[in-house]
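If you read the protein sequences in the order shown, they are chains P and E. Start counting at 1 in the first sequence, then tack on 7, and there's your number in my numbering. Start counting at 1 in the second sequence, then tack on 184, and there's your number in my numbering.
Because the hints were derived from the structure by calculation, they are not lab data. On a predicted model such as this, the values are computed, not experimentally measured, just so you know. Idealized CB from N, CA, C, for every residue including glycine. Take the hints with a grain of salt, since some may be wrong.
Computed Cβ-Cβ distance ranges for the label pairs, DEER-style [to be verified]:
no.: 1; chain 1: P; residue 1: L345; chain 2: E; residue 2: K578; range: 40 to 48 Å
no.: 2; chain 1: P; residue 1: P101; chain 2: E; residue 2: D381; range: 31 to 39 Å
no.: 3; chain 1: P; residue 1: L304; chain 2: E; residue 2: I579; range: 39 to 47 Å
no.: 4; chain 1: P; residue 1: I417; chain 2: E; residue 2: Q405; range: 38 to 46 Å
no.: 5; chain 1: P; residue 1: N17; chain 2: E; residue 2: R383; range: 36 to 44 Å
no.: 6; chain 1: E; residue 1: K502; chain 2: P; residue 2: L345; range: 54 to 62 Å
no.: 7; chain 1: E; residue 1: R327; chain 2: P; residue 2: G65; range: 52 to 60 Å
no.: 8; chain 1: P; residue 1: R96; chain 2: E; residue 2: G292; range: 40 to 48 Å
no.: 9; chain 1: E; residue 1: Q405; chain 2: P; residue 2: L345; range: 31 to 39 Å
no.: 10; chain 1: P; residue 1: P101; chain 2: E; residue 2: K273; range: 35 to 43 Å
Not the full set, but computed from the structure, chain P residues with beta-carbon under 7 Å of chain E [as the list claims (entries may be wrong)]:
no.: 11; residue: N43
no.: 12; residue: A70
no.: 13; residue: A124
no.: 14; residue: M424
Straight-line C-alpha distance at most 20 Å; calculated EDC-like pairs for lysine to aspartate or glutamate [as the list claims (entries may be wrong)]:
no.: 15; chain 1: E; residue 1: K324; chain 2: E; residue 2: D222
no.: 16; chain 1: P; residue 1: K145; chain 2: E; residue 2: E440
no.: 17; chain 1: E; residue 1: K273; chain 2: P; residue 2: E33
no.: 18; chain 1: E; residue 1: K607; chain 2: E; residue 2: D396
no.: 19; chain 1: E; residue 1: K254; chain 2: P; residue 2: D52
no.: 20; chain 1: P; residue 1: K130; chain 2: E; residue 2: D280
no.: 21; chain 1: P; residue 1: K42; chain 2: E; residue 2: E440
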Amino acid sequence: MKDLAEAALNAAQVKGASYADVRLDEHVTQDIIVKNGQLAAVSDDASEGFGVRVIVDGAWGFAGSARLDKAEVEQVTDRAIRIARASARVRSAPVDLGPPVTSRGHYRTPLERDPFAVPLAEKVDLLLRADAAMGSVKGVTIREGSMEFIRQAKLFASTEGAFIEQELFESGAGIEATATSPDDVQNRSYPNSFGRHQGSAGYEYITALELDRHAGRIAEEAVALLSAPQCPSGVKTLILDASQTALQIHESCGHPTELDRVFGMEAAYAGTSFMTPEKLNHLQYGSRNVTITADALTPTGLGTFGWDDEGIPAQRTFLIKDGLFVGYLTSRETASVLGQQSNGTMRADGWNRIPLIRMTNVNLEPGDSSLAEMVSETKDGVYMETNRSWSIDDKRLNFQFGTQLAYEVINGKRGRMLKNATYAGITPEFWNSCDAVGGRAEWRVWGLANCGKGQPPQVAHVAHGAAPARFQHVKVGILK
Amino acid sequence: MKSMEVVRLTDEAELKQFMTRLLQRSPAQETEVMVTEDDSALTRFANNGIHQNVAERDATVRVRVVKDGKTGVASINQMSEAAAADVLKRAVAIADLQPRSEVVPMPGPAAARRVDAWSDATASATPEERADFVETVCAKAGRAGLKAFGAFSTSAGQFAIANSLGVYNHQRSTQATVNSVVMGDAGSGYADRGAIDVRELDKNELADEVIDKAQRNQNAQPVDPGIYEVVLEEYAVAEMLEFMSFMGFGALAVQEERSFMRLGEQITGEQVNIFDDGLDRTGIPSSFDFEGVPKQRVELIKNGVASGLVYDMQTATKEGRQSTGHGLPAPNTEGPFAVNLFMKPGSAAKADLASDIKRGIWVTRFWYVRVVHPKASIITGMTREGTFLIENGKITRPVKDLRFTQSILEALNGTLALTRSTKLQVSEYIGAARVPAARLKAFEFTS
Chain P
8 MKDLAEAALN AAQVKGASYA DVRLDEHVTQ DIIVKNGQLA AVSDDASEGF GVRVIVDGAW
68 GFAGSARLDK AEVEQVTDRA IRIARASARV RSAPVDLGPP VTSRGHYRTP LERDPFAVPL
128 AEKVDLLLRA DAAMGSVKGV TIREGSMEFI RQAKLFASTE GAFIEQELFE SGAGIEATAT
188 SPDDVQNRSY PNSFGRHQGS AGYEYITALE LDRHAGRIAE EAVALLSAPQ CPSGVKTLIL
248 DASQTALQIH ESCGHPTELD RVFGMEAAYA GTSFMTPEKL NHLQYGSRNV TITADALTPT
308 GLGTFGWDDE GIPAQRTFLI KDGLFVGYLT SRETASVLGQ QSNGTMRADG WNRIPLIRMT
368 NVNLEPGDSS LAEMVSETKD GVYMETNRSW SIDDKRLNFQ FGTQLAYEVI NGKRGRMLKN
428 ATYAGITPEF WNSCDAVGGR AEWRVWGLAN CGKGQPPQVA HVAHGAAPAR FQHVKVGILK
Chain E
185 MKSMEVVRLT DEAELKQFMT RLLQRSPAQE TEVMVTEDDS ALTRFANNGI HQNVAERDAT
245 VRVRVVKDGK TGVASINQMS EAAAADVLKR AVAIADLQPR SEVVPMPGPA AARRVDAWSD
305 ATASATPEER ADFVETVCAK AGRAGLKAFG AFSTSAGQFA IANSLGVYNH QRSTQATVNS
365 VVMGDAGSGY ADRGAIDVRE LDKNELADEV IDKAQRNQNA QPVDPGIYEV VLEEYAVAEM
425 LEFMSFMGFG ALAVQEERSF MRLGEQITGE QVNIFDDGLD RTGIPSSFDF EGVPKQRVEL
485 IKNGVASGLV YDMQTATKEG RQSTGHGLPA PNTEGPFAVN LFMKPGSAAK ADLASDIKRG
545 IWVTRFWYVR VVHPKASIIT GMTREGTFLI ENGKITRPVK DLRFTQSILE ALNGTLALTR
605 STKLQVSEYI GAARVPAARL KAFEFTS
């Protein structure tokens, strides 16, 4: 592998590249799905290849291939160079990467139990037990459980002298119960929605979820939701569980602080951002309860690694400090525009894609409240749990979310279960209304393995540390 | 393996031999092998310049085996004999390690009608040609005092599927797509195009549309949310169809009682006719599905009546009928999927759609659409890059983007007019839809 990397870098320099890097990447993914008491799917997918990224005449070119041999490396490097020369014909300012990056080293995800060494029967058995527990609840019509395990070995080398090898692991699992009536469908999932909860960890992460222990509860909730009243419309106090708070962070803080979006590099697809550079260190993004970090060192986070895909070491940086907007997620190219150095957020979703600015672990730092305390202090509110739908505009201001489960909160007590709960708002107004964040005891790292960005599309695996949080004067019950 | 000169795809005869050898080597009672191979490139631009420019060449060999009533699936992205042996071994190992479970049957051989989905011009498109296209859009935007953003992609690929029951189907295809956002200081416009043949993408026409939209969409002012009569351009109509397909056109969604489709009932206005046709070359055709079953045309909504569903092998077997050729790659728990969608055009001219509207909203496109309630077909999303107020039959001014929360069936129930012209809209995910623009009586904007 090292030979192929050196061949690509040499060829790129000989052919006129002022900078080149190469990534060799091997991915193995195992997916298991149990549905309605049957093992519905087991698959084992492998993908390997390499990508060469070059700068020629101040412009980018990239090419990748699944064929791992020297002749292909030559051909693909030629292709990247030709593409870069075509880019140079229609470029804006020449690319400036800032200071050279010469990182060298090796990183491996800390894990207790290699998920690929765990027998398939053990994994299937756990999912079947959870399925049976859901199936014992009358009225559940669809039960599904899944697991996913990923092992990624990647090598990064650049003409600046960087040489990094990383071996990354992910383990994830989740269950879902659905109940239907002639005119309604309601579902509950555990621990999160989006199919499963995932972390950079070994099989111990799955064991700790105790899927079978929670299966009966979510099945009962799914059935109860069919006859629950609709979430009322109004302006109320909103309490979010930690997983929905995590998605709120993702959509309304993670994405708008991506500096490539701010510079228009995603304008034709994912959109831009309301958090423009003149607002840096001036915008009161949230209340003083709101401190948000990007922390690629968070244990079990899907955004945890040794170095990003430009060779920048993993680090912790502030995006929002005591409510004030103080930082972006950056790359070498975008950081240099602001006179900064990259804070290490460039990741590609495979050998065949260029790295983009991606969230690492964008965390809402713990506060000093608790869910029980938030409920006890609320006169007229709604508690919402586990995401069901999510939508936000292209500048990341106007959002609307729905959750699977909700309860009314009246005079400090949890009241009736509510269905089809939704809430909407404008990002800075919403975060400035945050008057309580749960403490460390309720703070948890939530993995999101479905973050889309870029053309051609890429899916990043990111995470958010979050605890339950409370917001005042929020519009709820949009769906009448 | 020898390769074509331009896009470097494996020769079909050689590909077939590779798949046949793999099937012959399998110890399982039934084996299926699916191969996809793609050579693609994409030139991305922002602020009137190219900022990302990429190409890739990849392949996937996916093997499904059924052995002693147990199924295993494995894939690899290499096409060597060693890789074939490895992927087969892994699929068999998975089958051997698991308990017996329901087996999705494999289809027997049936002739799939060949469809022409290939363009040499697209397959041989160069980075210089993509740069020329982008340069024109950027230069025109620059001359108008605006900035262009977007992406232009060309791809060529082949897809083949064979199984031990005698199925062998092969198709090669090309695709070219371009999208652009053009921005001024106080607003933006949008346009996109997609085609099999890159020569059908007219850079001047695209640039003129997106620049005109951007110029008209400056300094938008807010308008009160509420229920409005609307004109939805083809971009928005296609997205509604895609979400209908996602939520309810597949047989599994109906079998699991989560679909909005109530077969035999009037569910939309009578003007609405929606069908799926993988063989129609005015879409992005595909002659067979990911199980190797030939595509059938399926009437989904006929004169407003829910009239049909798409099936794969599993859902068809459950109902004792034939698959319509809408299966996804194994293993699949999502059910069949309609990916070649068409909405029958009406008779209106697009320029006349607003002429009878006293007060309404003109929507260019939707953004970040998500399902709120699948059985009620309720979605939410934002309008984006060209939302206008219609007053007394005329577009009078741009308005700030609005959020909608709306049942698709209820919206289509108020279909007042459809254009006679249609536009091909290539999906961001899979497939495409060819649709007219629509005038709808009521559409709810919630913020």
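Query raised in the report: That 38 to 46 Å hint for I417 (chain P) and Q405 (chain E) (C-beta), does it hold up?
Result: Cβ of I417 (chain P) to Cβ of Q405 (chain E): about 40 Å, so the range 38 to 46 Å holds.
Query raised in the report: Taking the CB of L345 (chain P) and the CB of K578 (chain E), does the distance hold inside 40 to 48 Å?
Result: holds (45 Å)
Report task. Under 7 Å, Cβ to Cβ, is where M424 (chain P) needs to be relative to chain E, so tell me if that hint holds or is violated. Result -> Given a least distance of 17 Å, the restraint on M424 (chain P) is violated.
Requested in this report: Go ahead and decide if the range 54 to 62 Å is satisfied by the Cβ distance of K502 (chain E) to L345 (chain P).
Outcome: holds (58 Å)
Requested in this report: Please test the hint of 31 to 39 Å on the beta carbon pair from Q405 (chain E) and L345 (chain P).
Outcome: Given range 31 to 39 Å: holds, Cβ gap about 32 Å.
Report task. With chain E as the partner, please determine if A70 (chain P) meets the hint condition of a C-beta pair closer than 7 Å. Result -> Cβ of A70 (chain P) sits 5 Å from chain E, so the hint holds.
Query raised in the report: Regarding the pair K273 (chain E) and E33 (chain P), is the alpha-carbon distance no greater than 20 Å?
Result: Given that 20 Å is the threshold and the Cα spacing comes to 19 Å, the pair holds.
Query raised in the report: Holds or violated: are the alpha carbons of K254 (chain E) and D52 (chain P) at most 20 Å from each other?
Result: holds (18 Å)
**Report entry** Proposed proximity, D280 (chain E) with K130 (chain P) (alpha carbon, max 20 Å)
**Finding:** Roughly 15 Å between the alpha carbons, so the hint for K130 (chain P) and D280 (chain E) holds.
Query raised in the report: Hey, K145 (chain P) versus E440 (chain E), does the alpha-carbon distance stay inside 20 Å?
Result: Given that 20 Å is the threshold and the Cα spacing comes to 16 Å, the pair holds.
Query raised in the report: Regarding the hint that A124 (chain P) lies at the interface with chain E, is the smallest CB-CB distance below 7 Å?
Result: violated (13 Å)
Query raised in the report: Cβ-Cβ distance between R96 (chain P) and G292 (chain E): within 40 to 48 Å?
Result: At roughly 53 Å between Cβ atoms, G292 (chain E) and R96 (chain P) fall outside 40 to 48 Å, so the hint is violated.
In terms of the numbered hints stated before, the structure departs from hints 3, 7, 8, 10, 11, 13, 14 and 15, listed from lowest to highest.
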